[in-house]
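Chains A and B are the protein sequences, given in the same order. Per the numbering used here, the very first residue in the first sequence carries number 7; after that it's consecutive. Per the numbering used here, the very first residue in the second sequence carries number 7; after that it's consecutive.
Everything labelled a hint here was simulated from the structure, so no lab data went into it. No residue lacks a Cβ here, since even glycine has one placed at the ideal position from N, Cα and C. Incorrect hints may appear among the rest.
[What the hints assert, rightly or not] Facing chain A, a subset of chain B residues (Cβ under 10 angstroms, in silico):
id, residue
1, Cys23
2, Gly79
3, Ala115
4, Asn128
5, Leu154
6, Gln165
7, Ala167
8, Val171
9, His254
10, Ile317
So the chains spell out like this:
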Amino acid sequence: MKYFHLVWAALMRRKTRTIFTVVSVLAAFLLFGMLDSVRTAFADAGNRVSGASQLITMNKLGLGSQLPLSMQSQIERVPGVQAVTHIDWFGGIYQDPKNFFPNMAVGSNIFAVTRDVTLPPEQLQAFQTTQDGAVVGAALAKKFGWKIGDKIPLEATIWPKKDGSNTWTFTLVGIFHANKAGDVNAESQMLFRWKYFDEARQFGKGSVGWYQEQIASPDQAERIARAIDAISANSDHETKTETANAFASSFISQFANISLIVSGIMAAVFFTLILLTGNTMAQAVRERIPELAVLKTIGFSNRSVLSLVLAEAVFLVVIGGVLGMLLAMAVVGGLKAKMGNTLPMANVAGSIWGEAIVLMLVIGVIVGVLPALRGMRLKIVDALAGR
Amino acid sequence: MKKFLRGLLLVVILIVCLAIWSFLPWYGAVAAAVILALWLVLTRAGRRTLSVTGVGLATLPSRWGASSVIVIGIAGVVGVLVALLAMGEGLSATLRGTGNDATAIVLRAGSKAEANSVLMHNQVVLIGQTAGVARDAQGHPMASPELLLAASLPKKSGQDANVSVRGVGSAAWAVRPEMKMVAGREFTPGTLELDVGKGVAAQFAGMTVGSTVQLANQRWKVVGVFDSGDAFNSEIWADRDTIAPIYHRGASSSSVTVKLTSPAALNQFKAALAADPQLKVDAETTHKYFADQSGGINKLIHVLGTVIATIMGIGAVFGALNSMYAAVATRSREIATLRAVGFRGTPVVVSVLLETMLLALAGGVLGAFVAWALFGHFTASTTAGGGFSFTQMVFQFRVTPQLVWNGLKWALAIGFIGGLFPAVRAARLPVTTALQEL
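Next comes chain B alone, as it looks inside the complex (with noise of 0.2 angstroms):
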């Protein structure tokens, strides 16, 4: 009964350190390691937890197979982890980090995305006349009618695939002056001439400056390579009123993207629109709009990840037990020994405890160190964009800072767990019995 109310303690502590564990952040964590710091150096009982966690290192190499087991399977948690999240990251910070709040896309009302949306012309003027839209030097809104079309290219690795042709008005580029030519120069209106986003020169075949590239049966020749540093790169660009007609696509836009004359006139636009009769209009900032776009799939992956991270954990979790009950059993009489000189439990299970985390944290730099190498800057590509155009958006993978300690504190909850069962097993292991084993 006594060792089962000690068990269910054990096991009452060790949720509570995690459930704290979890929320920390982590200043919280330095400061904790400052504190163990300070107590092994300055205290008596510190300093001896220290001799005997020396002890135990130095008895590490002979056990190399075991420790090993919890360094590359805890790495294996951690990087599939990060890699994972990463993944989420990079497509998330790709769309969220798309558009402004001083800039507005109208859209068809209802149509939620740019491919369901159709606009007539009548209402593309309309739309760039109405309060609140920038002008520029000259006294013409800045307003960018856009025709977003899809096409199938080939990708370099052969396959074909659908990327988004957005036909641009003449304001497109001031309308974003976040948008640097990387290569070449803008293309001319009224030319069959394109300019591709980095993303699309990096992934698709054929893409350079002074190629050309079939589209709707025309030539077309690539002039420009641009980087926007987001969605947009995974874009072509052509003049709108040149690439309308070869789509049959007539007067029509998708999008109005205008500039607003600050991002308070938001309300003052909205209103005007809405007063129109003319107009069936939803108008929202690019900023929302993009960050609306990525919401679910994020999610996704961050539930994906976690799950599949869990049943790693756990097996990485019995594998860390397995290891460390092994080391505290051979090393039990030295143990005991300690004990029947006078040391104290304490110095004994913090330093079997210190023994796992440590291993527990190189595993995670480990792994962590491996996903960043493997796809710190890999470059992926996926069907994104709402509505029925399913065309390809590229994206980078994101190991940030944020996800790497997100990682190394799976880490060291896996080595914690792993190791507090088999040191508080070592500090409570009659004297007189481990003595005489053997």
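Just chain A, with the same shape it has in the complex (with noise of 0.2 angstroms):
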């Protein structure tokens, strides 16, 4: 550290040149942030503490095939289930289909089964007392300025009414807030009440999309699922049950292999990132050739002098990446801010910080490397004379 002001007189050496490089390495993690911040948002789906202790069953034959209302009390007599409600998504659009937002009708026990949001007490009951009560997400909630006694109207895709009509009617009765914050996504639900919607339908009456259970614990989950698909086999609607985590990964690697897009361009960036920045770094050692044989004329070791160009290098790379970051956190916290649930992408915070300083001491060293080698090897008359 004693030697600080030597590294950073190197770089302020040719300020314009030092300044360039930064720009580029800042460019780089700033992009690393964000594509960080996107792939982690991805692996975080798959990735709950509540997921590991949900299970969903659902048809073999794949979503979209109903299950019989029946299983419901089969299912309860499960050893290990704590608490199982019924599914069935609704799909209705909100005024444009722009304003997607997952919809569905639930069992009326829907907050015994799921621990990732909370509504008040009060709503709670209200949900379960009101024939066609709704509740949505705070975030929702905020999003389209609903307040609770608001009439919501979606317009059916899947499930017309009796009457042939497609519009369905629903009351705010309760919002609900995510108990981990900033999990926007669990925000931005709408449920209600699956007997009204069962009542109101025109097709499909008494058959559910799918089962999800709260278990006892995660250690479990193989057993119970087993349990739980062995009620239906060799039936005419056999079920497959997995963890709530297993179903989002699986869900996400049949979108788009997405670690892999994220590596890609990150393998390129940082490809160039090292050639680019190595190629400073020798220019830089080569032009202060006959000053580092001075340092060493006038006593520094060998180690000292590879250190200090290494220290250089890695100095370099630090301030560049450490200002990407910082941008990237700036960028993804607007985005966020602005866009809302919409956007998959994590905040740059802890694990994705910690990947950057170890690929910025990494790259800071394969850069400095080679000059650092030169300037420990150099020989002192040589050097001075110019050769």
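Combine both chains into one complex, guided by the hints.
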């Protein structure tokens, strides 16, 4: 640390070059911060703590195939299952298809099964007693300016009403909040009573889309899933049960191999960056050969010259990297504030910063090592003579 | 103050040039290149520029490290840009290429996507008899009631994924003459036989002619592979009347695809459907239906690709600036000598710019080539299809000439920005100080 002023002086020797290189590094880490935030958001969706102790049971034929309501009581009797609810995807549109948000018909005990959100007790009471009652997440209520007591019309895409009309109107009786701060996805849904939905729909009466179970302990997930699937084995409605996490992971992996795309782009970016910064460092050392020789003459050891140049390279990358990550934090924060629930981006924090710091150090060493070795190996006499 | 104004002027010129450049079609760029070539060969100043550029290029090998920074840096930008856009282009081309204006698809009113739609048997019959529907040689309406289902099957990678299974009526093949069997034959109605699309055959395990597939507790035999060149390649086809009871769908269908007597008959067909009180349905040409399904995702990929390329491009510009400033610095004595013996500023500026842009062009070509080599024939799949089926859609990346040209435009723009400032510095270098240096 006591030689810091030497490193600083070396970087300030050609200010323009240092600034240009820092901006290149900054651009690379800005991109890293943003892309890794997307990757993390998708990875987290399949990795929730609550998702390990929740099971999802659906028709083995796939989503879109229904299950009979009669399975509800059979699943309740499986040992280890604490609560079961049944859900139907409604897929309704509010005003414009662009306003997409998940909306589902759910059993009235839904809040005993999902542990991601909390509804105030009196609103829960209202939800359980109001026939056409609906509850929405706080983020969604804020987005559309809904208040309790509002009538919310949804245009059905799958389920017409008995009279053939597509417009369903619900009364807003509650607004729930996510238990984990910043969990916008959990707060961007609309839930309403399955019973009301079942009585009013034109077809499919008495069938449900899927069951969701809360289990006592994640360790038993495997056993309980097999027990639930055994209920309908060899019937005409065999089921497939898996944890909510496994379901989310497989859903995302079918959408796209996000981590492969992100790593591909970042490999191209960092490869270019190493070449670029490496070239800058080589230039910088080449110009300073006589100065390094002077340092050696006045008693600097080979090793201190090596570490001086390495430190310079690492410091150069870290300055640009930290600036880039700070910018990424600001950009992601700004985008999330503006776009809300539709944006799959995690906050640039903890693990993303950790990865970035490791990358900065590694890249710094890679780009510094060859010039540093050159500086270390130079012979004082030759260097001073300009050979 | 003067220096500041000059810098400002330079930035304004740069912005104007870039704005023109981004809207320039390829023939405009070719014309500009021809004019430049003529100027280089025919005028005195041009010939001088050419000789200065020749000297610059001759010294390139001695600066290969710095030059390769420009080439590789720009290759990275162009490669990522072209690969991402090729993905969006491939996906939307598949959907846009599906359907035509001579066939129409009928869905339950408001359902927007086949997977959401349910039509009852009596409605299906009525739709077939509506005015505007073409009839075949025997006088039967050319209307195919189709039931869209989803099945979870193992991919070649070992993971299970959802695939669309379409139960079709006997008119399905006649309604879509573009469907070609590439192996085997069409399934026999009334049997547990399947035909699979080319995309399904490529992505899912055990989809060759003669193999059996487990669908809804039944063993089905694959008897053919078809290629339609569009979204149907991601589907498995079976007889509607056989598969519907197995999936407990009774006599219902998802949609009816009909052949119109002519593309102009659409309005007549729609009016006739609307006039029937027993029908609450929406009709659209199949072309429009599939094009609508692609809208959002291609736009998303386009925005994403441009944002990523812009950030990478900023990095590459500064890399190029660094390299070219260094190049100008090492050649400052040589440039000053030229100026001393009477060369004007223009040849110097143009030659440095030319050199940077040639390097940039090389980078652009390299990047586009790598993107084409890696992804030109790359097949991928994603979740597609509106509604709640979330089945896989197989598509091929498309590295089109338009995309490559787009990438080269980016490369040349980056080269221009990276070369302009060093070039101006080279031309403005005071001759005496430059000659005194060392």
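| field | Proposed interface contact between Asn128 (chain B) and chain A, which counts if any beta carbon pair is under 10 angstroms | value | At about 14 angstroms, which exceeds the 10 angstroms cut-off, the nearest Cβ of chain A leaves the hint on Asn128 (chain B) violated.
| query | Should the interface hint for Val171 (chain B) be scored as holding, given a Cβ-Cβ cut-off of 10 angstroms against chain A? | reply | holds (9 angstroms)
| message | Given a cut of 10 angstroms on the nearest C-beta pair, is the interface hint for Ile317 (chain B) held or broken against chain A? | response | holds (5 angstroms)
| Interface hint status, Leu154 (chain B) versus chain A (Cβ within 10 angstroms) | holds (9 angstroms)
| Per-residue hint verdict: Cys23 (chain B), partner chain A, C-beta under 10 angstroms | violated (21 angstroms)
| said: Using the nearest Cβ pair, does His254 (chain B) come within less than 10 angstroms of chain A? | reply: Hint on His254 (chain B): holds, closest Cβ of chain A at ~7 angstroms, below 10 angstroms.
| task | Would you settle whether the hint for Gly79 (chain B) is holds or violated, based on the nearest Cβ-Cβ distance to chain A being less than 10 angstroms? | result | Holds: closest Cβ of chain A sits about 5 angstroms from Gly79 (chain B), inside 10 angstroms.
| query | Measuring from the C-beta of Gln165 (chain B) to each C-beta in chain A, is the shortest one below 10 angstroms? | reply | Hint holds; Gln165 (chain B) Cβ to chain A Cβ min 7 angstroms, cut 10 angstroms.
| Satisfaction of the Ala167 (chain B) interface hint, Cβ to chain A closer than 10 angstroms | holds (5 angstroms)
| query | Under the criterion of a CB-CB separation shorter than 10 angstroms, is Ala115 (chain B) in contact with chain A as hinted? | reply | Holds. Min distance 7 angstroms.
Violation of the numbered hints given earlier is confined to hints 1 and 4; the remaining hints are satisfied by the structure.
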